[in-house]
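Spelled out, the chains give:
There are 2 protein chains.
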Amino acid sequence: MIERNIKILIAYDGTNFCGWQKQDKGRTIQECIGTALEKLHKHPVRLTGAGRTDSGVHANGQVANFYTDIQTIPPERFAPALNSILPQDIRILSAEETTSDFHARFDARSRTYQYRIIAGRPALPHERLYHLCMRRHPSVVRLNAFTRLLHGEMDCSTFASPKDQSESRYRYIHNAVFFVQNDSLVFEITANAFLWKMVRSIVGTLLFYEEKGALPVEFAAVVNSFDHAKAGPTAPAHGLFLQKVDYPPKK
Amino acid sequence: MIERNIKILIAYDGTNFCGWQKQDKGRTIQECIGTALEKLHKHPVRLTGAGRTDSGVHANGQVANFYTDIQTIPPERFAPALNSILPQDIRILSAEETTSDFHARFDARSRTYQYRIIAGRPALPHERLYHLCMRRHPSVVRLNAFTRLLHGEMDCSTFASPKDQSESRYRYIHNAVFFVQNDSLVFEITANAFLWKMVRSIVGTLLFYEEKGALPVEFAAVVNSFDHAKAGPTAPAHGLFLQKVDYPPKK
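Taken in sequence, the protein lines are chains A and B.
Letter by letter, the first sequence follows residues 1 to 251 in my numbering.
Letter by letter, the second sequence follows residues 1 to 251 in my numbering.
Honestly, the hints are just simulated from the structure, not real lab data.
There could be a bad hint or two in this list.
Residues on chain B that point at chain A, a partial pick, calculated with CB under 7 Å [said to hold, decoys possible]:
| no. | residue |
| --- | --- |
| 1 | Ala-11 |
| 2 | Arg-91 |
| 3 | Pro-122 |
| 4 | Tyr-170 |
| 5 | Phe-179 |
| 6 | Asn-182 |
| 7 | Ser-184 |
Cβ-Cβ distance ranges computed for the label pairs, FRET-style [claimed, not checked]:
| no. | chain 1 | residue 1 | chain 2 | residue 2 | range |
| --- | --- | --- | --- | --- | --- |
| 8 | B | Ser-94 | A | Gln-21 | 40 to 50 Å |
| 9 | A | Lys-42 | B | Asn-224 | 51 to 61 Å |
| 10 | A | Tyr-247 | B | Leu-40 | 48 to 58 Å |
| 11 | A | Gln-21 | B | Tyr-170 | 54 to 64 Å |
| 12 | B | Gly-120 | A | Pro-162 | 38 to 48 Å |
| 13 | A | Arg-46 | B | Asp-183 | 46 to 56 Å |
| 14 | A | Arg-121 | B | Val-180 | 17 to 27 Å |
| 15 | A | Lys-22 | B | Val-217 | 56 to 66 Å |
| 16 | B | Ala-220 | A | Arg-46 | 51 to 61 Å |
| 17 | B | Met-134 | A | Glu-3 | 33 to 43 Å |
Beyond 10 Å from chain B on every Cβ pair, some chain A residues (computed) [stated by the list, open to error]:
| no. | residue |
| --- | --- |
| 18 | Ala-11 |
| 19 | Arg-91 |
| 20 | His-126 |
| 21 | Arg-128 |
| 22 | Pro-138 |
| 23 | Met-154 |
| 24 | Ser-166 |
| 25 | Phe-179 |
| 26 | Asn-224 |
| 27 | Lys-244 |
All values reported here derive from a predicted model rather than from experimental measurement.
No residue lacks a Cβ here, since even glycine has one placed at the ideal position from N, Cα and C.
Input sequences plus hints: build the corresponding full structure.
The following block contains the structure:
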């Protein structure tokens, strides 16, 4: 039987999830969508996500793919079909048929994360689950003097968790910048891929050295120390959003 | 003993509350703050709120007052003292000593509510608890042709719940307008006071007649029917925020 490969765009509120990846204990996004797919298919369906977001991390643009033997549902109708089964904290934003060899994780060219901060005032209760709240106002100019050093092919060991088991700690950073959006301060970073907890370690380190009044050359020394002990405290998960996963144009 | 009258500014995420007012069943904001005040005072403390928000309604600017016999806490320190006890979905934004005759409810000159809408796209999961989500894009111009009719001293019976027990259904509307803010559509209304569920009934009626393509004169006829059966469906609670309570300048 010919199976179609379906690519889905996913958003979720990570607050009440133990992250993306299926595990023995705790509710995960992969498991919830997997259960919904199984209800539609009457058999288990393997779901491949582009990025394994951690416990508490949100997504507005996660991508995943699965193979379906259902011929009666047009590809784009998988979005409403899944949404009618899924809990409200996961939404399938769109679904489309893709090439049979498409792999959400291995084919991803880059991932973009945003880290959202409320600075200089208390977070309002409806903002608290989606922003880091800081009492002080960091200098966006100073922060961006640091972020300019995060560019290109880099050994990211400084920002690697001691438990990170990646074979290589080199990653290619396309862009990293702070900007003010509406009422919040946003850090946006795009790279080919990220180490475990890398974005949160970068955010924590940027804010830590900004508060210390470090010079860009001092921040560069931290980056080039390849020593996680020199990183700042890892920023909490609830400010982080997986915003976008980018793929090469279809052949 | 001389008791000081403390005025507090309160924000809350109404999602997991059965509204402001203390009741037998269910968690309420008044009860949570009352419990925190009792912990500080070692005896029950009466808390008077400016507006009794309904189940699921949020606040960024609720006001309340209470009398305290504690002389050791400077008035403004009641905010951090209470926040250290309160759950994260209630925050005391500020506290100050006010005149001994100040009454948060009776002295309020006006209340301002906002109703927040995501229109023309699905709400993202992190937006879902704080916005009404509509598939279509209503016309802001047409909506504001209606809102201009909501002004001044008015018999608001059209927007009164059948269960409303107010002696008078006249209210003075200072301002009512739709505007686009960032990525959402906001309805803001200020009046001396509101009937039970009045803002949500107004929002539902405005959207209902806008979708029907009604003319302003037809909307005026609905308002002047004083007949709740002509109102549109009451909009859900989770889009509504009590933004501000206004008081006369201190004598």
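Comparing the hints with the structure gives:
1. Residue-level restraint check for B:Ala-11 holds (minimum Cβ-Cβ distance to chain A is 5 Å; threshold 7 Å).
2. With a least beta-carbon distance of about 6 Å to chain A, the hint placing B:Arg-91 at the interface is held under the 7 Å criterion.
3. Annotation: interface hint on B:Pro-122 holds; nearest CB of chain A at approximately 6 Å, less than 7 Å.
4. Hint status for B:Tyr-170: violated, given a least beta-carbon distance of 32 Å to chain A, over 7 Å.
5. Because the closest C-beta pair between B:Phe-179 and chain A is about 14 Å apart, greater than 7 Å, the hint is violated.
6. At a threshold of 7 Å, the smallest CB-CB gap from B:Asn-182 to chain A is about 5 Å, leaving the interface hint in force.
7. Interface restraint check for B:Ser-184: the shortest CB-CB distance to chain A comes to about 10 Å, outside 7 Å, so the restraint is violated.
8. At about 43 Å, the CB distance of B:Ser-94 to A:Gln-21 agrees with the hint of 40 to 50 Å.
9. Checked against the given bound of 51 to 61 Å, the beta carbons of A:Lys-42 and B:Asn-224, roughly 57 Å apart, stay inside it.
10. For A:Tyr-247 and B:Leu-40, the hinted distance range of 48 to 58 Å is satisfied, since their beta carbons lie about 56 Å from each other.
11. For the pair A:Gln-21 and B:Tyr-170, the beta carbons lie near 59 Å from each other, so the given range of 54 to 64 Å is met.
12. Under the hint 38 to 48 Å, the C-beta atoms of B:Gly-120 and A:Pro-162, about 46 Å apart, fit the expected range.
13. Between A:Arg-46 and B:Asp-183 the C-beta distance comes to about 35 Å, which lies outside the given range of 46 to 56 Å.
14. Look at A:Arg-121 against B:Val-180: about 23 Å separates their beta carbons, and that is inside 17 to 27 Å.
15. Separation of A:Lys-22 from B:Val-217 is about 59 Å and conforms to the stated range, judged on CB atoms against 56 to 66 Å.
16. Checked against the hint of 51 to 61 Å, the pair B:Ala-220 and A:Arg-46 passes, with Cβ atoms roughly 59 Å apart.
17. Take B:Met-134 and A:Glu-3: their Cβ atoms lie about 37 Å apart, and the range 33 to 43 Å holds.
18. A Cβ of chain B approaches the Cβ of A:Ala-11 within 10 Å, the least distance being about 5 Å, so the stated non-interface status is violated.
19. The claim that A:Arg-91 lies off the interface is violated: its Cβ sits roughly 6 Å from the closest Cβ of chain B, which falls inside the 10 Å cut-off.
20. Consistency note on A:His-126: stated as away from chain B, yet its beta-carbon is not over 10 Å from all of that chain's, at 5 Å minimum.
21. Distance to chain B contradicts A:Arg-128 as a non-interface residue, since its nearest Cβ pair spans about 6 Å, not more than 10 Å.
22. Every Cβ of chain B is farther than 10 Å from the Cβ of A:Pro-138; the closest lies at roughly 22 Å, confirming the non-interface assignment.
23. Every Cβ of chain B is farther than 10 Å from the Cβ of A:Met-154; the closest lies at roughly 30 Å, confirming the non-interface assignment.
24. Every CB of chain B lies more than 10 Å from the CB of A:Ser-166, the least distance being 29 Å, so the non-interface label holds.
25. For A:Phe-179, the requirement that its beta carbon stay farther than 10 Å from each beta carbon of chain B is met, with the minimum near 14 Å.
26. Distance check for A:Asn-224 against chain B: the nearest CB is about 36 Å away, which clears 10 Å, and the non-interface claim stands.
27. The beta carbon of A:Lys-244 is kept farther than 10 Å from every beta carbon of chain B, the shortest such distance being approximately 13 Å.
In terms of the numbered hints stated before, the structure departs from hints 4, 5, 7, 13, 18, 19, 20 and 21, listed from lowest to highest.
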